[in-house]
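K.L.:
These are the residues of each chain, in order.
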Amino acid sequence: MENFLGSLDYWMFLKAFIIGGLLCVIAQILIDKTKLTPARILVIYVTTGTILGGLGLYKYLVDFAGCGATVPLTGFGNNLAKGVIEEVGKNGFLGAFIGGIKASAGGITAAIFFGYIASLVSKPKMKKQ
Amino acid sequence: MKNIETNKEYQEYVDKMSPNSPIFKNCFNAFWVGGLICVIGQLIFDYFVFRGFSEELTGTIVSISLIFLSAFLTSINVFNKIGKFAGAGSLIPITGFANSIISPAMEYKSEGYVMGVGAKMFTVAGPVLVYGICSSVVVGLLYLLFNAQAVMLV
Chain A
1 MENFLGSLDY WMFLKAFIIG GLLCVIAQIL IDKTKLTPAR ILVIYVTTGT
51 ILGGLGLYKY LVDFAGCGAT VPLTGFGNNL AKGVIEEVGK NGFLGAFIGG
101 IKASAGGITA AIFFGYIASL VSKPKMKKQ
Chain B
1 MKNIETNKEY QEYVDKMSPN SPIFKNCFNA FWVGGLICVI GQLIFDYFVF
51 RGFSEELTGT IVSISLIFLS AFLTSINVFN KIGKFAGAGS LIPITGFANS
101 IISPAMEYKS EGYVMGVGAK MFTVAGPVLV YGICSSVVVG LLYLLFNAQA
151 VMLV
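Chains A and B, in that order, are what the protein sequence lines are.
Position 1 (the first sequence) corresponds to 1 in this note's numbering; numbering is contiguous.
Position 21 (the second sequence) corresponds to 21 in this note's numbering; numbering is contiguous.
These are calculated hints, taken from the structure and not from any lab test.
A partial selection of chain B residues facing chain A, derived with a Cβ cut-off under 7 Å: (1) 42; (2) 60; (3) 128; (4) 137; (5) 141.
As a list, the in silico BS3-like pairs of lysine-lysine whose alpha-carbon atoms are at most 25 Å apart: (6) A:35 <-> B:81; (7) B:25 <-> A:15; (8) B:81 <-> A:33; (9) B:84 <-> A:33; (10) A:123 <-> B:109; (11) A:33 <-> B:25; (12) A:35 <-> B:25.
From the three backbone atoms N, C-alpha and C, an ideal C-beta is built for every residue, glycine too.
Sequences and hints are given; from them, build the entire structure.
P.N.:
Written out as structure tokens, the structure is:
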């Protein structure tokens, strides 16, 4: 454990904090200043991430900020694009239909599975917020 | 602070105060909560890389861990409170995507397991997946078009 703590790059944490925070601030400004619903903002983020990933630009942000770039939803989009490009390189045309989901299968499956489990264990009528 | 006597004065006061201060506060909260979630992700990432996992696999582990955390906090009704406080700060990280699946799944349980839980899960996540996947296919096709080496494989 001490080795692990010693191996940590604290500069990377600061960069992840700032970039991750800024991506959230952009969305917050969009929420407050426009009439975009959260669903639309998530769609915009994931699509932007895919386009930037497809152009090969998003990886510079990932190199710079690590999880500050991969944890926000733009990182999910980038992951889709990255997976698709990798798979197209391997399998050609078919790869365009395989790569995206393949690369993000873990996250999607986890969200669906944990969501289902949560609905099983929760009481049917939640108190209204 | 001077006394506010007429409606007009009150309106001016509201106009002066309201457009700026909430957005600044919202952005500040979104910034530090969003940043903190990314830092937690980075900590998990560093730990599994330290344990010898590949970086690619670790990316998936980080997603799954944060999604699990989000599911847990949603099911004990804490995530909604964080969301109210942090706004986009908890929406934009993968936790928000997970919450958008988990929260309706719990809420619509009363409408049954198939058309309630099964269908309503994707109210927000559905569009995200549709646009994400479709744009990734377009990226793949364009890459195929502009990359001679990949075209050779067809």
